[in-house]
Each structure stands twice: as C-alpha cells, then as structure tokens.
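So you can see what is in the structure, the chains are spelled out below.
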Amino acid sequence: MNFWSFIVQNRTEIAELTLEHLWIVGIATLLAVVVGIPLGILITRRPELHKPVIAAANIIQTIPSLALFGFLLPAPWIGERAARLAILALMLYALLPLIRNTYAGIKGVDRAVVEAARGMGLTDRQLLLQVELPLAASVILAGVRVAIVTSIGLATIAAAIGAGGLGELIFRGLAMVNNAVILAGAIPAALMALAADTLLGWLEKRLSPQRAA
Amino acid sequence: MDSPEAIIQFRDVSYSLQNGRAILRSLTLEARHGEILVLLGRSGSGKTTALKLVNRLLELSSGEIRVEGQPVRQWDVIKLRRHIGYAIQEVGLFPHFTIERNIGLVPALEEWQKERIRARVEELLKLVGLNPEIAFRYPHQLSGGQRQRVGVARALAADPPILLMDEPFGALDPLTRSDLQHEFLSLQQKLQKTVLFVTHDLHEALFLGTRIALLEEGRLVSIGSAEEFLNSSEPLVKKYVQAFGTLEQVRGGK
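Residue numbers (this note's numbering), protein chains in the order written: chain A, 5 to 217; chain B, 11 to 264.
Bear in mind the hints are in silico, worked out from the structure with no lab data behind them.
As the structure is a prediction and not an experimental result, all values here were calculated from the model.
Where a beta carbon is used, it is the ideal one built from N, C-alpha and C, also for glycine.
Among the clues, some could well be false.
As the list claims (entries may be wrong) - Some chain A residues well away from chain B (every beta-carbon gap over 12 Å; in silico):
id : residue
1  : F7
2  : A19
3  : V38
4  : L46
5  : A86
6  : A87
7  : V113
8  : W206
Said to hold, decoys possible - Among the chain A residues that face chain B by a calculated CB cut under 10 Å, a handful are:
id : residue
9  : G112
10 : A116
11 : V118
12 : G125
13 : Q130
14 : Q134
15 : L139
Please model the complete structure; the sequences and the hints are all you need to start from.
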C-alpha cells in the first residue's frame with residue numbers, strides 16, 4: 005500500500021492516535037514536573053539527599069523501557085489501565101532530567117547574587133521564588149525539553165502493552181511488514197518531537213537571564 | 011569595653027571550619043557609633059569571615075558578637091540582616107531585576123508603599139552620584155563603577171544604621187575607585203552609619219578608616235587611628251606599611 009493513500013484513508017485514526025500520544029506524554033511530563041522540580045529544589049537545600057535522589061533517578065533511567073512497563077503491570081490501580089501505566093513509566097523516565105536540571109540551575113546561580121540576597125535579609129522562600137527559580141528557569145526548561153522529546157519517542161513503545169498512541173501504528177506496521185504503516189506512526193511522532201523541541205527552545209531562550217556585559 | 015557607643019562588639023570570637031582549621035582566633039574588638047572601622051589584612055587573614063559572622067551568613071564557633079547590645083544569636087536572623095546594610099566586591103546585583111527593583115527590594119519586602127519606594131530609589135541614586143534615569147535599566151547595561159554604586163545604594167535602601175562592606179570598591183580601576191572612596195567618605199559624614207569595612211588596601215584603610223584593625227591569621231594584631239597605625243612599633247604593622255612603600259609615600263597618599 006502506498007504511504008500517502010494509507011495516510012489519507014486512515015487520517016481519522018492517525019489523528020486520534022496522535023492526540024492520545026500527546027495526552028499520554030503531556031500528562032506524564034506534567035506529573036514529572038510536579039514531582040521532579042520540588043525534588044530538585046529539595047536536594048539543593050538538603051545536600052545529604054543529593055546523592056541518593058540522583059542515584060535513584062539514574063537507576064530508573066537505566067531500566068529498559070519494555071522491562072519497566074512489564075514491572076509495573078502487576079501494580080494495583082495503575083496496572084488496570086495501560087494508559088495509566090504508560091504515564092507512570094514515562095513520568096519516571098522524565099524525572100532524571102528534571103531533577104538534575106533544577107539542581108544544576110539553582111546551583112548555577114551566581115554565588116555573589118545568592119550571598120547578597122541572603123545578606124539583605126531575604127528568607128529562604130523569598131530567595132527561592134524571587135531569585136533562584138527565575139534565574140534557573142532557562143536551565144530547568146532545558147530539562148523539560150529533554151524530558152518531553154525523549155517521552156515522545158519512548159511513548160511509542162507503550163503501545164506494546166496496549167496503551168495506545170502512535171506506537172500502535174508502528175507495531176501494526178512491524179507485524180504486517182508494511183513500511184507505510186510504520187511511517188504513518190513514526191513520522192507524526194518525529195514531527196511532534198521536533199515541534200516540542202522548537203517551541204521549548206524558543207521559550208528557553210526568552211527566559212535566559214540577561215548576562216553581564 | 012562596654013561603652014554605650016559600641017554598636018558591634020566582638021568578644022573572644024573564634025570561628026573554625028568543619029575540618030577544624032581555625033579562621034578566627036579570640037577576636038575582640040568593637041565598632042562604635044558613627045565610625046568606619048576598617049578590618050585590614052591580607053588574603054586569608056579572616057577579615058571577610060569576621061564580617062559574615064555579624065550578619066550570620068556564618069555562625070561563630072565560640073565567643074559572642076553583640077549588635078546594639080544584643081547577642082546576634084538572639085536576634086531574629088532576617089530582622090538582623092535587614093537592620094544591617096551589606097555590600098560586597100562582586101556586588102551581586104540581581105540580573106533579572108531593573109536597578110529600581112534591585113535597590114527597592116528590601117523596602118518592598120518591608121511592604122513600603124510603591125510611591126515611597128520610587129522616591130527612595132531616586133534619592134539613593136542621586137546620593138551615590140548616579141543619574142536617576144538608570145533606574146529602569148538592567149545591571150548588565152551598567153559599567154563596573156555604576157554597578158558598585160548601585161550596590162552601595164542597595165545596601166542603604168532601608169536606611170540601616172549599620173553597614174558591612176567587603177571590599178566594595180575592590181574590582182574598580184584606581185581612578186574610579188578613588189572617586190568612590192571620596193564620595194563614600196562625604197556620604198558617611200552626612201549619614202553617620204556604623205561601618206565595618208573590609209579591605210586589604212592600606213591606602214583605602216588610611217583614607218576611610220576612623221580606626222584600623224589589622225588582622226593576621228585570624229588574630230587581631232593592632233587597632234587604632236590611622237596616625238597610631240603608621241607610628242606603631244608592632245613588627246607586623248610595620249611590615250604591612252612597608253609593603254605599600256616608604257612611610258612618607260604612605261602618608262602622602264592620605
């Protein structure tokens with residue numbers, strides 16, 4: 005079957021799968037942001053937690069994705085619905101870049117600026133919200149960018165456990181030995197990753213702090 | 011030593027790093043109301059550490075520091091710091107804030123009215139010799155000398171009675187530096203703050219200091235007026251003076 009005619013004939017399904025893909029990745033990233041950024045902040049405040057937290061996130065990252073999906077299958081509530089499971093797995097993978105970049109971004113704020121802020125009598129909360137996070141924003145966003153782009157790719161594998169998304173077309177194409185079907189899943193996923201990368205790259209640039217002349 | 015004029019008092023203050031290395035050893039001295047007490051010493055003499063113990067950026071290991079008669083440990087740390095202006099060599103302006111927000115940050119945290127902050131920023135910019143129009147610029151748009159002036163203005167923002175200054179003019183070229191020293195001295199004559207001023211530059215110490223305290227390896231070597239300092243028979247003081255040229259040259263510089 006010709007690639008273009010397949011696309012045209014199945015455009016509704018492709019659109020639905022694209023939306024599903026976007027939704028899984030979006031929710032997973034959102035959850036990773038909600039968990040990862042506070043964890044990154046925490047380890048700047050409690051240096052003794054830095055090593056264990058980073059080590060745990062690193063270990064998660066080394067688990068092969070198919071195996072991680074498999075491990076999570078017996079989990080209660082999560083295991084009942086494949087999409088939930090995919091979201092959890094993707095979130096776990098996205099944690100490392102978020103924790104690491106939040107930590108690096110805050111630690112990278114000019115030491116003199118932090119010292120001046122503390123010396124002026126900012127509370128820790130004021131220091132974090134008014135100085136550290138705004139100045140670390142572009143580095144944190146770079147972490148979000150890495151997390152989203154990898155999640156979009158990884159989410160295709162989630163179709164193996166029936167979570168849906170564009171991976172479904174890829175797996176179907178593999179089973180049918182039909183490149184057109186594989187491409188119908190792979191190309192939208194790649195375009196999605198490119199679009200996310202460009203958008204977040206632009207945001208990252210806008211949020212970069214003004215550098216000293 | 012319990013004169014009512016003593017605003018900052020060090021009593022037998024020691025500070026050691028976690029690895030046990032002593033940075034300050036039994037330091038006792040006091041800064042009196044309205045004076046500039048210069049802490050002079052070479053790198054590693056403990057002068058910056060002494061400064062940071064006052065606003066509790068570091069916590070002393072033993073002894074006691076009193077600010078306005080009350081031990082710093084008993085002060086609420088945020089209140090203590092807002093009571094004391096702090097200016098450092100690297101300035102540490104907030105790169106994402108305009109000059110106005112930089113200077114007006116502590117007043118804003120103290121919940122001053124917007125109009126009052128704006129007026130205060132304008133007043134301070136004029137006071138440190140800057141055009142109030144720069145209020146809407148960002149730090150990276152300013153020269154080094156302008157940034158240092160903003161740093162001093164920011165330290166003065168909420169009108170603290172005490173100033174801690176750590177080589178605030180250290181990173182400047184000699185001409186700009188001299189200008190700022192002259193301006194700071196005339197400013198101080200108007201404001202009458204109690205100033206603890208850290209420097210390694212003897213000329214700066216002699217020019218600005220009401221009294222000069224020489225530190226060496228965490229110990230106080232001598233304390234006294236510029237004249238007393240130059241006439242001291244203490245070998246370490248003599249050595250320090252000689253390092254800056256002959257006695258006549260040093261005097262001439264004053």
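Hints versus structure:
In this structure A:F7 is separated from chain B by more than 12 Å, as the shortest Cβ-Cβ distance comes to about 49 Å. Every CB of chain B lies more than 12 Å from the CB of A:A19, the least distance being 41 Å, so the non-interface label holds. No beta-carbon of chain B comes within 12 Å of the beta-carbon of A:V38; the shortest separation is about 24 Å. No beta-carbon of chain B is positioned within 12 Å of the beta-carbon of A:L46; the least distance is around 22 Å.
Distance to chain B confirms A:A86 as a non-interface residue, since its nearest Cβ pair spans about 44 Å, more than 12 Å. Against the 12 Å criterion, A:A87 stays outside the reach of chain B, whose nearest CB is about 39 Å from its own CB. Distance check for A:V113 against chain B: the nearest CB is about 9 Å away, which does not clear 12 Å, and the non-interface claim fails. For A:W206, the condition that its CB be more than 12 Å from all CB atoms of chain B holds, with the nearest at approximately 19 Å.
Violation of the interface hint for A:G112 is found here, the shortest Cβ-Cβ separation to chain B being roughly 12 Å, above the 10 Å cut-off. The beta carbon of A:A116 comes within 3 Å of a beta carbon in chain B, closer than 10 Å, and the hint placing it at the interface holds. Evaluation of the A:V118 hint against chain B yields a held restraint, the C-beta minimum of about 8 Å falling below 10 Å. Below 10 Å, beta-carbon pairs count as interface contacts, and A:G125 has one with chain B at about 3 Å; its hint therefore holds.
Taking 10 Å as the C-beta cut-off, the interface hint given for A:Q130 holds, the closest approach to chain B being about 7 Å. A cut of 10 Å between beta carbons decides the hint on A:Q134: the least distance to chain B is about 8 Å, and the hint holds. With 10 Å as the threshold, the beta carbon of A:L139 comes within range of chain B, its nearest partner Cβ sitting at about 6 Å, so the hint holds.
In summary, the structure is inconsistent with hints 7, 9 from the numbered list given earlier, while agreeing with the others.
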